[in-house]
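Chains A and B, in that order, are what the protein sequence lines are.
So in my numbering, the last spot in the first sequence is 92, and the numbers never skip.
So in my numbering, the last spot in the second sequence is 92, and the numbers never skip.
No lab work stands behind these hints: they were computed from the structure.
Check before you lean on any hint, since a few could be wrong.
Which copy is meant is left open, so a pair is good if it fits within one copy or across any two.
Unchecked claim - In the BS3-like style, the derived pairs of lysine-lysine whose C-alpha atoms are separated by at most 27 Å in a straight line are:
(1) K60 <-> K70
(2) K30 <-> K70
(3) K62 <-> K30
(4) K62 <-> K11
(5) K70 <-> K11
(6) K60 <-> K12
(7) K12 <-> K70
Protein chains: 2
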Amino acid sequence: MPDDNTVLIGKKPVMNYVLACITFFHGGAKEVSIKARGQSIGRAIDVAEVVRRRFLPDVKVKNVGIGTDKIMPLEEGRQLTNVSSIEITLER
Amino acid sequence: MPDDNTVLIGKKPVMNYVLACITFFHGGAKEVSIKARGQSIGRAIDVAEVVRRRFLPDVKVKNVGIGTDKIMPLEEGRQLTNVSSIEITLER
Numbered sequence: 001m002p003d004d005n006t007v008l009i010g011k012k013p014v015m016n017y018v019l020a021c022i023t024f025f026h027g028g029a030k031e032v033s034i035k036a037r038g039q040s041i042g043r044a045i046d047v048a049e050v051v052r053r054r055f056l057p058d059v060k061v062k063n064v065g066i067g068t069d070k071i072m073p074l075e076e077g078r079q080l081t082n083v084s085s086i087e088i089t090l091e092r
Numbered sequence: 001m002p003d004d005n006t007v008l009i010g011k012k013p014v015m016n017y018v019l020a021c022i023t024f025f026h027g028g029a030k031e032v033s034i035k036a037r038g039q040s041i042g043r044a045i046d047v048a049e050v051v052r053r054r055f056l057p058d059v060k061v062k063n064v065g066i067g068t069d070k071i072m073p074l075e076e077g078r079q080l081t082n083v084s085s086i087e088i089t090l091e092r
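Modelling step: build the complete structure from the supplied sequences, incorporating the hints.
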């Protein structure tokens, strides 16, 4: 799946990301991938659920993957930290 | 799968829930289900990742399901609210 159909979830309101997903599907995408890390993970699920329950009922959750990413510390001398991640693949 | 092999994630430290999962597996469970809602969802993924990466490398993520639960409001006259949920099934 090409990376351009990926919505990266940050701190913005859920509806911003919902709109991004809908735009991909309206542009002809068959699959859209929603990715998030750490505290944004809950919002990623909110986005997937709002897209398929409120706006595009023909969209299904194809796959949900979880994992761990290593984060480089901002300050020197500190250790790598682990952060959980999620990738939700929606399919039309 | 029987409901007794389920760990419900709340606001306690991640290691509390990790220990609960490990206890189930050490008691002979083949599958353990980790469930969370709303703001605890990120912690559920942390628990699954710590269990399988740090303590039980033979445990795999069998399935991850996402959904929406309806929450009864505490005060009368307010509407039902939706909250996202996750269920992670670990398998040995």
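Now for the hints, and whether the structure bears them out:
1. K60 <-> K70: Between copies only: 20 Å across chains, 30 Å inside a chain, cut-off 27 Å.
2. K30 <-> K70: This pair counts as neither: shortest intra-copy Cα distance 30 Å, inter-copy 29 Å.
3. K62 <-> K30: both (11 Å within a copy, 25 Å between copies)
4. K62 <-> K11: within (25 Å within a copy, 29 Å between copies)
5. K70 <-> K11: So K70 and K11 pass the 27 Å test inside a copy (20 Å) and across (24 Å) alike.
6. K60 <-> K12: Close inside one copy (24 Å), not across copies (33 Å); limit 27 Å.
7. K12 <-> K70: Both. Shortest intra-copy (23 Å) and inter-copy (23 Å) distances satisfy the 27 Å Cα cut-off.
Figure legend: structure checked against the earlier numbered hints; the only hint not met is number 2.
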